[in-house]
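A.B. asks: Sequence:
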Amino acid sequence: MAITRSSNDYDNLFEARHPVMTLLSGPLCVFSHCCRIILLEKDIERSIEYVAPEDDPSRLGEVNPYGETPTLLDRDLSLYDTSVIAEYLDERFPHPPLMPVDPISRAKTRLMISRLTRDWLRPINRFEQNDNLQPPATLKRDIRDGLLVLSPLLSRQAFFLGPEYTLADAYITPLLWRLPALGIELSKPGEPLLKYAERMFKRPSFTGSLSAREAALR
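In this text, residue positions in the sequence shown follow the numbering used here: the first is 1, and each later residue adds one.
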C-alpha cells in the first residue's frame with residue numbers, strides 16, 4: 001500500500017534532520033568565524049557543524065554548489081557567501097540590530113565590509129585553507145599599514161564604525177585575533193586598535209565563537 005505524506009510531514013522530516021539552524025563551518029576559516037560571532041551576538045539557537053571541505057566534499061556539495069564554508073542551513077534554505085548569511089541573520093533576527101538604520105550609514109558599513117573582505121579576509125582565507133598561516137611580506141605589510149591608518153578612529157569611538165556594534169566589528173575581530181599567528185605586529189600607533197581588540201575578545205560572542213584550532217592561534 002502506498003504511503004502518502006502531507007507537506008507538513010515533509011517539513012517535520014526536514015526538521016528532524018535540521019532541528020535548529022545549522023552553520024557548516026570550517027575549523028580554521030575566517031569567514032566562518034565571522035558568521036559564528038554573528039550567531040552568538042544574536043543569541044540564535046544554532047548548531048555548529050565543523051566541516052573541512054577537503055575531508056568531506058560531498059557534505060558541502062549537497063547544499064552548496066561551490067563546496068565552501070560557511071554554509072547556513074535553515075529549514076529548506078541553504079545560504080552561502082558570508083555577506084548574504086550575515087545580512088539574512090540580521091534581517092530575520094532584528095534584535096539586536098547589527099546594521100545602522102539610515103541608508104547612508106548602512107551603505108558605509110557595507111562598503112567597509114566589502115573592503116575588509118576583498119583586501120584582507122579573502123587573501124588570508126586562502127592561506128588558512130592551505131594550512132599556511134604565513135602570507136607574503138607584501139600582504140602582511142598592507143594589512144599592518146591599513147590597520148595603523150584605522151587605529152586612531154578607535155581612540156574616539158567604542159566600536160569599529162561608531163558608537164554601536166555592527167557587522168563590521170564581526171568581520172574585523174577574527175582578523176585581529178589572527179595577527180600574531182600571521183606574524184603581523186602593530187607599532188605604538190596601533191595601540192587604540194589593540195585595546196579595541198582586547199575588549200572585543202572578551203565579549204561572550206567572541207569567546208564562544210572560537211573553534212579549537214582558532215583558540216590555539218594564541
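Just so you know, the hints here were simulated from the structure itself, not pulled from any lab data. Being a predicted model, the structure only gives us computed values, none of them experimental. One thing to keep in mind: the hints can contain errors.
[What the hints assert, rightly or not] The calculated lysine-lysine pairs, modelled on DSS-like cross-linking and capped at a C-alpha distance of 25 Å, are:
#1 140 to 195
#2 42 to 202
#3 195 to 42
#4 188 to 202
#5 140 to 188
[What the hints assert, rightly or not] Just the calculated beta-carbon pair ranges, DEER-fashion:
#6 77 to 187: 43 to 49 Å
#7 156 to 27: 16 to 22 Å
#8 52 to 108: 17 to 23 Å
#9 92 to 130: 29 to 35 Å
#10 65 to 189: 26 to 32 Å
#11 47 to 207: 26 to 32 Å
Ideal Cβ placement from N, Cα and C applies to all residues, glycine included.
A.B. asks: Which numbered hints are broken by the structure, listed smallest first?
C.D. replies: 7, 8, 10 and 11
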